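Okay, here's what each chain looks like letter by letter:
Number of protein chains: 2
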Amino acid sequence: MPRSPRLSRRDFIGRSSAGIASVATVAAATSVGFATIPSRAAGRDWRIRNAAADALLRPEADDYDDLIKLNYNENPYGPSEQVVAAMTEAFKYASRYGYPDRAVKSVIAEHHGVERENILLGAGSGEILEVVGLSLLSRDKKVVGSDPSYSAVYSHASGIHAESITVPLRDDYSQDIPALIDATNRHYRDVGFVYLCNPNNPTGRPIPADDVRNLLDGIPADVPVLIDEAYHHFAEDPDYASAIPHVLEGRRVIVARTFSKLFGLAALRLGFAVTTPEMISVMEPYTTGSINALAKYGAVAALEDTDAQRHMRDRTIALRKKTSDELRGMGYDVIPSETNFIMVQTGRPAREVRTAFREHGIVVGRPFPPLLNHLRVSIGSEKEMAMFMAAFREIFAA
Amino acid sequence: MPRSPRLSRRDFIGRSSAGIASVATVAAATSVGFATIPSRAAGRDWRIRNAAADALLRPEADDYDDLIKLNYNENPYGPSEQVVAAMTEAFKYASRYGYPDRAVKSVIAEHHGVERENILLGAGSGEILEVVGLSLLSRDKKVVGSDPSYSAVYSHASGIHAESITVPLRDDYSQDIPALIDATNRHYRDVGFVYLCNPNNPTGRPIPADDVRNLLDGIPADVPVLIDEAYHHFAEDPDYASAIPHVLEGRRVIVARTFSKLFGLAALRLGFAVTTPEMISVMEPYTTGSINALAKYGAVAALEDTDAQRHMRDRTIALRKKTSDELRGMGYDVIPSETNFIMVQTGRPAREVRTAFREHGIVVGRPFPPLLNHLRVSIGSEKEMAMFMAAFREIFAA
Numbered sequence: 001m002p003r004s005p006r007l008s009r010r011d012f013i014g015r016s017s018a019g020i021a022s023v024a025t026v027a028a029a030t031s032v033g034f035a036t037i038p039s040r041a042a043g044r045d046w047r048i049r050n051a052a053a054d055a056l057l058r059p060e061a062d063d064y065d066d067l068i069k070l071n072y073n074e075n076p077y078g079p080s081e082q083v084v085a086a087m088t089e090a091f092k093y094a095s096r097y098g099y100p101d102r103a104v105k106s107v108i109a110e111h112h113g114v115e116r117e118n119i120l121l122g123a124g125s126g127e128i129l130e131v132v133g134l135s136l137l138s139r140d141k142k143v144v145g146s147d148p149s150y151s152a153v154y155s156h157a158s159g160i161h162a163e164s165i166t167v168p169l170r171d172d173y174s175q176d177i178p179a180l181i182d183a184t185n186r187h188y189r190d191v192g193f194v195y196l197c198n199p200n201n202p203t204g205r206p207i208p209a210d211d212v213r214n215l216l217d218g219i220p221a222d223v224p225v226l227i228d229e230a231y232h233h234f235a236e237d238p239d240y241a242s243a244i245p246h247v248l249e250g251r252r253v254i255v256a257r258t259f260s261k262l263f264g265l266a267a268l269r270l271g272f273a274v275t276t277p278e279m280i281s282v283m284e285p286y287t288t289g290s291i292n293a294l295a296k297y298g299a300v301a302a303l304e305d306t307d308a309q310r311h312m313r314d315r316t317i318a319l320r321k322k323t324s325d326e327l328r329g330m331g332y333d334v335i336p337s338e339t340n341f342i343m344v345q346t347g348r349p350a351r352e353v354r355t356a357f358r359e360h361g362i363v364v365g366r367p368f369p370p371l372l373n374h375l376r377v378s379i380g381s382e383k384e385m386a387m388f389m390a391a392f393r394e395i396f397a398a
Numbered sequence: 001m002p003r004s005p006r007l008s009r010r011d012f013i014g015r016s017s018a019g020i021a022s023v024a025t026v027a028a029a030t031s032v033g034f035a036t037i038p039s040r041a042a043g044r045d046w047r048i049r050n051a052a053a054d055a056l057l058r059p060e061a062d063d064y065d066d067l068i069k070l071n072y073n074e075n076p077y078g079p080s081e082q083v084v085a086a087m088t089e090a091f092k093y094a095s096r097y098g099y100p101d102r103a104v105k106s107v108i109a110e111h112h113g114v115e116r117e118n119i120l121l122g123a124g125s126g127e128i129l130e131v132v133g134l135s136l137l138s139r140d141k142k143v144v145g146s147d148p149s150y151s152a153v154y155s156h157a158s159g160i161h162a163e164s165i166t167v168p169l170r171d172d173y174s175q176d177i178p179a180l181i182d183a184t185n186r187h188y189r190d191v192g193f194v195y196l197c198n199p200n201n202p203t204g205r206p207i208p209a210d211d212v213r214n215l216l217d218g219i220p221a222d223v224p225v226l227i228d229e230a231y232h233h234f235a236e237d238p239d240y241a242s243a244i245p246h247v248l249e250g251r252r253v254i255v256a257r258t259f260s261k262l263f264g265l266a267a268l269r270l271g272f273a274v275t276t277p278e279m280i281s282v283m284e285p286y287t288t289g290s291i292n293a294l295a296k297y298g299a300v301a302a303l304e305d306t307d308a309q310r311h312m313r314d315r316t317i318a319l320r321k322k323t324s325d326e327l328r329g330m331g332y333d334v335i336p337s338e339t340n341f342i343m344v345q346t347g348r349p350a351r352e353v354r355t356a357f358r359e360h361g362i363v364v365g366r367p368f369p370p371l372l373n374h375l376r377v378s379i380g381s382e383k384e385m386a387m388f389m390a391a392f393r394e395i396f397a398a
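Those protein sequences? They're chains Y and P, same order as listed.
Residue numbering for the first sequence follows this note's numbering, beginning at 1 and increasing consecutively.
Residue numbering for the second sequence follows this note's numbering, beginning at 1 and increasing consecutively.
Read the hints as simulated data drawn from the structure, not as lab findings.
Given the structure is predicted, the values throughout are model-derived calculations rather than measurements.
Quick list of the computed label-pair ranges, beta carbon to beta carbon: (1) P:S106 <-> Y:Y77: 23 to 33 angstroms; (2) Y:R315 <-> P:E249: 49 to 59 angstroms; (3) P:D333 <-> Y:R189: 56 to 66 angstroms.
Stretch by stretch, here's where chain Y covers chain P in the computed footprint (C-beta under 8 angstroms, at least three residues): (4) 92-106; (5) 264-274; (6) 284-290.
Glycine residues also receive a C-beta, built at the ideal position from the N, C-alpha and C atoms.
Make a model of the complete structure from these sequences and hints.
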């Protein structure tokens, strides 16, 4: 049931997580359907992906290797043998700056049907998201996006003294495109860029291709739109499509992609933007240009290893369906996911539930306000998902 | 012979590279002893360390492995076996974000006599230098430093729309501390930070510890000073000392260090800042937080492998002396170096000379204006330096 973009955020929150004081405070400021997150308010959780800020999974934990890690949407299989072999080859250039890099930018460009001039590399797509913030935001320029979404974008904006204008999800967890268009147009003069995570994290929902086009058509053409396709490879919905063709139309669209998910190279740190040469010239001075040799070699091998890609994708999608079906069979609502994680409405606070899972040696996703009674669970291996389901049955036996 | 800080830059340039039009243009604006580099003027050479922008050493070159690479001040030996073994171990975490990281920050802190709260990691010290620029510079805040020095700092400033105020080196290639103090105090309101490269690149000259202290004492205490100690490990001069103790005094000093040089991990991308927790809180929002797992494991192993450190350091210093002595024996001035490179005054344009070396399969340093008749040569292995000397004798036989 699509909602009017003018409905207040309080209505939405009232239904999904009534009585949470901190959320209500934000909602009080949102009488026209979007909230403003002030700068420097959101603390440091934009660093969560890299620093394991999750208190239930400290990197110094003795039992890290034994834990079942379903909290960061990681690839449970790791890179393929060919990819590890390619990375190992790069050790011979460990002490060099200007080594042969397997033409990684050209290879990425070719695999995505664009030119080398359309590619900007980052140390993970996280660097791409930050570079967009650094180059397009300021005390006077804000980001517009949905909430909840990948909150690192808003936290980073806050850290660099920029505000975020956020629009709540609809009741069906879809992103409210008319409200995003409205928020962008109302604040046009103050908008640095619009952020779309597609499919969205933490809900797993895709934005239909028609809606992406409607958004681009509905806002001034000079407003850059960052479309984060970190979970692109796990989407099956025929209404979903990558936004790369919009880049080729010459629009100010920046598509962010990563080698951290399907390609299993999160710890190697490589991502990239597909965008126009004009946007790259704006963004590039804010990049570190600091990609390690092994990530470059691994990425080229990973793009070429289509068997491994298919294998990982198929297993993940099959387990996503199996787990979702089992949970639904037990009477729980599971948000239909097009990613490598699912979100289940457990009716109990995620904070409590994840502590219970931790006692079973399983780490699941942190709470994602205002969806505080939902649990985000990454799709692990077959064995891991069987153990997750066994623990789920015990924890929710009562 | 120390020069007055009020002497014009034209005097200096007149003696070192007379008649170079582009340099003279800069000099014309510097009647009080320093030049202002306008923002967005310096192009993109801040990326040179990572992207092999050197036209004589394209990464796609078929003959890269066979070339003798004496242009980027790289470690010719690469990481030790123990370091490679440690990195290989980290492959098991390739697809993870929150893996055990060998407590790399604590290990670095302990090795440098500071607390974990004094350390900020970067993807190479290059990221640290850029983060200082991003967090402290703006259209209204400039960097003050020597010229020539590590120009990436000024180019990066320019790329993010900030100006640089530069002070020429003295005749003996030392950094002109009184002039740097004078420039900082004159422009106090507009200074974002002061940059010192110590020992300096491209000259190899150290700043005596007393001069560093004089500079810190001679400028307002709230002006941050970035001291780039990338070549720290190769300095033997008893007058040189690391500035880390100044951090512990609570001064606004940021010491940048790297694992790229002595530790042979340039392609892995790890560096760090040693500074106050207050400065870290200012800088951290501008970091990517994106350090790959292998760099972390390699760095910890490299710090522990003191045998390899000593071996690499001793060989480099011995070859630096040997090469310098041979060149001096042939009648050439060599700037006394405390780094892993030397600079020799050949009396011929570096641009020409490096083309001649390239024909011998050797790549030497690019021109460093205004020292256009000097050649910067990285210290390679014994065999590489023998081949360098043989080529030098042929090229300069006339």
